[in-house]
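Undergrad: Chains as they are written, first to last, in this note's numbering: chain A, 466 to 774; chain B, 67 to 281.
The hints are simulated quantities; they were obtained by calculation from the structure and are not laboratory data. A hint or two may mislead.
[Said to hold, decoys possible] Dumping the calculated SDA-like pairs for lysine to any residue here, alpha-carbon to alpha-carbon at most 20 Å:
no., chain 1, residue 1, chain 2, residue 2
1, B, Lys91, A, Met688
2, A, Lys598, B, Leu260
3, A, Lys598, B, Glu252
4, A, Lys598, A, Gly582
5, B, Lys91, B, Pro218
6, A, Lys750, B, Ala129
7, A, Lys598, B, Pro242
8, B, Lys150, B, Gly90
9, A, Lys598, B, Ser221
10, A, Lys705, A, Arg674
11, A, Lys626, A, Pro550
12, A, Lys598, B, Pro218
13, A, Lys750, B, Arg123
14, A, Lys566, A, Leu689
15, A, Lys741, A, Asp676
16, A, Lys758, B, Glu252
17, A, Lys750, B, Thr72
18, A, Lys611, A, Thr526
19, A, Lys598, B, Arg257
20, A, Lys750, B, Leu131
21, A, Lys758, B, Phe124
22, A, Lys566, A, Gly514
23, A, Lys705, A, Leu682
24, A, Lys750, B, Lys150
25, B, Lys150, B, Gln187
26, A, Lys745, A, Thr681
27, B, Lys91, B, Glu103
28, B, Lys134, B, His105
29, A, Lys750, B, Thr126
30, B, Lys94, A, Leu689
31, B, Lys91, A, Leu689
32, A, Lys598, B, Ser241
33, A, Lys598, B, Ala224
34, A, Lys561, A, Gly620
35, A, Lys598, B, Pro223
36, A, Lys598, B, Leu253
37, A, Lys750, B, Gln187
[Claimed, not checked] Partial chain B-side listing against chain A, Cβ under 7 Å, derived:
no., residue
38, Thr72
39, Ser87
40, Gly90
We put the beta carbon where it would ideally sit given N, CA and C, even for glycine.
Residue strings, one per chain:
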Amino acid sequence: MIHVSAVQAPAHIQDAGRYGHRRYGIGHAGAMDTVALAAGNILLGNDEGAAAIEIALGGITLVFEQDTPFCLTGAVYQAELDGEPVYSYWRYTARKGQTLKLVRAVQGMYGYVCVAGGFDVPEVMGSRSTDLKAGFGGHQGRMLQKGDCLPVGKGAQELSKVGIAPIPFTDTVHLVPSSEYAAFSEEGRLNLERETWTLQSDSNRMGYRFDGQPLTLSQPLEMLSHAVQAGTVQVPPSGKPIILLADAQTTGGYPKIATVAAADLGRLAQVRFGSKVRFKIIGLKEAAALRRKNRAYLNQIRRIVNEAG
Amino acid sequence: MRIEITPISESALVCRLNAPSELGKQQKLWAFAAALEQHDGIAEVVVGMNNLTVFTRFDTDLAVLADKLQDVWEHTAVAANQGKLVEIPVCYGGEYGPDLAEVAAFHQTDIAEIVRRHTAQTYTVFMMGFQPGFPYLGGLPESLHTPRRAVPRTSVPAGSVGIGGSQTGVYPFASPGGWQIIGKTELPLFRADLNPPTLLAAGDQVRFVAERIEP
Chain A
466 MIHVSAVQAP AHIQDAGRYG HRRYGIGHAG AMDTVALAAG NILLGNDEGA AAIEIALGGI
526 TLVFEQDTPF CLTGAVYQAE LDGEPVYSYW RYTARKGQTL KLVRAVQGMY GYVCVAGGFD
586 VPEVMGSRST DLKAGFGGHQ GRMLQKGDCL PVGKGAQELS KVGIAPIPFT DTVHLVPSSE
646 YAAFSEEGRL NLERETWTLQ SDSNRMGYRF DGQPLTLSQP LEMLSHAVQA GTVQVPPSGK
706 PIILLADAQT TGGYPKIATV AAADLGRLAQ VRFGSKVRFK IIGLKEAAAL RRKNRAYLNQ
766 IRRIVNEAG
Chain B
67 MRIEITPISE SALVCRLNAP SELGKQQKLW AFAAALEQHD GIAEVVVGMN NLTVFTRFDT
127 DLAVLADKLQ DVWEHTAVAA NQGKLVEIPV CYGGEYGPDL AEVAAFHQTD IAEIVRRHTA
187 QTYTVFMMGF QPGFPYLGGL PESLHTPRRA VPRTSVPAGS VGIGGSQTGV YPFASPGGWQ
247 IIGKTELPLF RADLNPPTLL AAGDQVRFVA ERIEP
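So here's chain B without its partners, still in its complex pose:
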């Protein structure tokens, strides 16, 4: 697995793998990130989809660091068990999930079946980003892939559980959004007063649990 390293600014290098993004590659990126956390000259590490960005101090020589990164990457071993399992209770449908019926219609089935498919899966947090505590989840079954709404909502409430194309996730904060909203959780994904402040981290496993289903 080759990694390609390119500067993106005066103080950052992006390390990229060839497409497509796969769980195995992502697992190695998590291990790579962990190996780099305490590395000299590195300020922050952000795992992306199939890539990882290293933010440095301004006095770090990017060319020298790039060579070191290549070396650390080649010596990074993937640990088998990466994260914790988190259950997220969800109220599906009704006012909580205004698009649930539409998603069911799109897949020519009923809402109970959509909820069954969504809760049957164990998802993996591939990366965190966009908003504080927002997880990019991998593992949505194809039988739930649904196009985004033609007209995005100007505001989706905090805690909304949605499907956007081949992705599913939870909005920690109110946000504009084009995803199909199928439910809502009361579980906070972000609390500024906790350490770490987010419920989830890259590598964690997520299961959605149906608390109730409304038509």
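Just chain A, with the same shape it has in the complex:
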């Protein structure tokens, strides 16, 4: 068990997401940065999609009630274990009774606390992810609170201290064109790539809102409700794009100019409020190459872990 002794930011249990239930209106949920989640899990000998605590920007304090290997990935956190510094993307073993304190994110938005064995909350519809809107999954279907006790699954009790290369942060996000790309004016399509977009502070796990020169359609477009997914760049009448993310609803009605390359979803999630990003349109082949690069990174961690034992 791991005991939550303090929490100052939205924190909840997320895994790789809940798939196969969109036709009931049930979204995917899951970690905002699934590559960071996978990196942490591989480092600890877990399945890539094992459940971890996701926390946004702020702090959380956890007390280990048993010896537990753990690591922090995603956002770079200022953190300490019984007062000793803990570095992101390094694996440690906490002893029974030790306190892990994540003070604040220094870089990036979403941090992951991964533990050997993963967090063993009940699976709901094939996933341990918290669906915050519908209130199920994760730990009692809600954000973590002071006093919560989180069960840990069966995993290693002792692991050597090993570090891996962190995932670099980026200010360029790759997109592939979506079904209404051609319906946008030439200026709108140019703006998408030449504009510097600022992430608005009313963004969240459901969607990231950006400000910049508006994306205009060639002519008004009447859209009927249709499926959307994490990564969909939808453009409401304001012309300011909203990129849907992990907690996206399953259907929407706005034109879709593009979709974030699957490989870049986690990198986009780590952009901070007020930061600027640029978008670059690529083809399906280039998007596949980016996915292979992520896969190569994760395979490399697996090799390091195997060598370290």
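Here the structure of chain A is known, so what remains is to put chain B in place on it, guided by the hints.
TA: Positioned in the frame of chain A, the structure of chain B alone reads:
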């Protein structure tokens, strides 16, 4: 009936029919969805209004799949009886339906007449989406079409029955909403512990039953 197929991402194709959305077209889309559920390389299928989206695995060749989809579409026959009939008990008006009086005033009639019109109809679930268990219902009579509220509420309680323009529906979860709220049901539209977890599915028929009417 031609279907137009376009990629929307690395792992999804949207299949679209010409507007407008009609029950007959929607019925063929449900049958199409059912035919695709077990298809190789397809991960999930979502029926929209007059469209359907196929989510694939990343190793699926979208161009090859698009050709297959066109073929399956052309060979899809519409089954006559698609869904089950579900009765939804509703408490209309009062604290349950704070906009009922306004809707009645808009249509220059009384609240009993609004409830009569709303419960006289059999609605069809055209699609599911937005929230877990949220049905997009077709069949609201024109005599009930009411503009959305000028200022949306920041939170509409779970179970609220509303009218928004030419649509009616039930919110399974508390949500911000601009629809006119005319009543509330205690019947859960979503239960995570059941399989399937939703009361309704695309193709089902819905009737609202007045449990009581409050001024």
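Undergrad: Next, verify each hint and record whether it holds.
TA: Hint check results:
1. Annotation: proposed proximity of lysine 91 of chain B to methionine 688 of chain A holds, straight-line Cα distance about 16 Å (limit 20 Å).
2. Between the alpha carbons of lysine 598 of chain A and leucine 260 of chain B the distance comes to roughly 18 Å, so the proposed pair stays at or under 20 Å and holds.
3. For the given pair, lysine 598 of chain A sits about 19 Å from glutamate 252 of chain B by alpha-carbon distance, which is consistent with the 20 Å threshold.
4. Between lysine 598 of chain A and glycine 582 of chain A the CA atoms are separated by roughly 27 Å; this puts the pair beyond 20 Å, and the hint is violated.
5. Annotation: proposed proximity of lysine 91 of chain B to proline 218 of chain B is violated, straight-line Cα distance about 32 Å (limit 20 Å).
6. Proximity of lysine 750 of chain A to alanine 129 of chain B is assessed by CA-CA distance (about 13 Å); at most 20 Å being required, the pair is judged to hold.
7. With a CA separation close to 11 Å, the supplied pair lysine 598 of chain A and proline 242 of chain B stays within the 20 Å bound.
8. Proximity of lysine 150 of chain B to glycine 90 of chain B is assessed by CA-CA distance (about 17 Å); at most 20 Å being required, the pair is judged to hold.
9. With a CA separation close to 12 Å, the supplied pair lysine 598 of chain A and serine 221 of chain B stays within the 20 Å bound.
10. Taken as a hint, the lysine 705 of chain A and arginine 674 of chain A pair is honoured in the structure, with Cα atoms around 7 Å apart against an allowance of 20 Å.
11. For the suggested pair lysine 626 of chain A and proline 550 of chain A, the alpha carbons sit about 13 Å apart, so the restraint of at most 20 Å is met.
12. Simply put, lysine 598 of chain A and proline 218 of chain B have alpha-carbon atoms about 19 Å apart, close enough for the 20 Å limit, and the pair holds.
13. With a C-alpha separation of about 15 Å, the suggested pairing of lysine 750 of chain A with arginine 123 of chain B holds against the 20 Å cut-off.
14. Straight-line distance between C-alpha atoms of lysine 566 of chain A and leucine 689 of chain A comes to about 48 Å, which puts the hinted pair past the 20 Å bound.
15. Our distance criterion of 20 Å between C-alpha atoms is met by lysine 741 of chain A and aspartate 676 of chain A, whose separation comes to about 9 Å.
16. About 50 Å separates the Cα atoms of lysine 758 of chain A and glutamate 252 of chain B, which puts this hinted pair outside 20 Å; it is violated.
17. Distance hint between lysine 750 of chain A and threonine 72 of chain B is fulfilled; the C-alpha atoms sit about 16 Å from each other, no more than 20 Å.
18. For the hint pairing lysine 611 of chain A with threonine 526 of chain A, the CA-to-CA distance comes to about 9 Å; that is within 20 Å, so the pair holds.
19. The suggested pairing of lysine 598 of chain A with arginine 257 of chain B holds, with an alpha-carbon distance near 13 Å, which does not exceed 20 Å.
20. About 16 Å separates the Cα atoms of lysine 750 of chain A and leucine 131 of chain B, which keeps this hinted pair within 20 Å; it holds.
21. This hinted pair checks out: lysine 758 of chain A and phenylalanine 124 of chain B have alpha carbons roughly 14 Å apart, not beyond 20 Å.
22. Restraint check for lysine 566 of chain A and glycine 514 of chain A: the C-alpha separation of about 24 Å exceeds 20 Å, so the hint is violated.
23. The hinted pair formed by lysine 705 of chain A and leucine 682 of chain A meets the criterion: a straight-line CA distance of about 12 Å does not exceed 20 Å.
24. Proposed proximity of lysine 750 of chain A and lysine 150 of chain B is contradicted: the alpha carbons are some 44 Å apart, above 20 Å.
25. Taken as a hint, the lysine 150 of chain B and glutamine 187 of chain B pair is honoured in the structure, with Cα atoms around 15 Å apart against an allowance of 20 Å.
26. Among the hinted pairs, lysine 745 of chain A with threonine 681 of chain A is consistent with the structure: their alpha-carbon atoms are about 18 Å apart, no more than 20 Å.
27. Taking the CA atoms of lysine 91 of chain B and glutamate 103 of chain B, the gap is about 19 Å. The hint holds against a cut of 20 Å.
28. The straight-line distance between the Cα atoms of lysine 134 of chain B and histidine 105 of chain B is roughly 10 Å, inside the 20 Å bound, and the hint therefore holds.
29. Our distance criterion of 20 Å between C-alpha atoms is met by lysine 750 of chain A and threonine 126 of chain B, whose separation comes to about 13 Å.
30. Restraint check for lysine 94 of chain B and leucine 689 of chain A: the C-alpha separation of about 17 Å stays at or below 20 Å, so the hint holds.
31. For the given pair, lysine 91 of chain B sits about 14 Å from leucine 689 of chain A by alpha-carbon distance, which is consistent with the 20 Å threshold.
32. Between lysine 598 of chain A and serine 241 of chain B the CA atoms are separated by roughly 9 Å; this keeps the pair inside 20 Å, and the hint holds.
33. Using a Cα cut-off of 20 Å, the hinted pair lysine 598 of chain A and alanine 224 of chain B holds, with the two alpha carbons roughly 11 Å apart.
34. Taking the CA atoms of lysine 561 of chain A and glycine 620 of chain A, the gap is about 15 Å. The hint holds against a cut of 20 Å.
35. Taking the CA atoms of lysine 598 of chain A and proline 223 of chain B, the gap is near 13 Å; set against the 20 Å cutoff, the hint holds.
36. In summary, the hint linking lysine 598 of chain A to leucine 253 of chain B is supported, as the alpha carbons are separated by about 19 Å, within the 20 Å threshold.
37. Taken as a hint, the lysine 750 of chain A and glutamine 187 of chain B pair is broken in the structure, with Cα atoms around 50 Å apart against an allowance of 20 Å.
38. For threonine 72 of chain B, the interface hint holds, since its Cβ comes within 7 Å of a Cβ in chain A; the closest pair sits about 4 Å apart.
39. Residue-level restraint check for serine 87 of chain B holds (minimum Cβ-Cβ distance to chain A is 6 Å; threshold 7 Å).
40. With 7 Å as the threshold, the beta carbon of glycine 90 of chain B stays out of range of chain A, its nearest partner Cβ sitting at about 15 Å, so the hint is violated.
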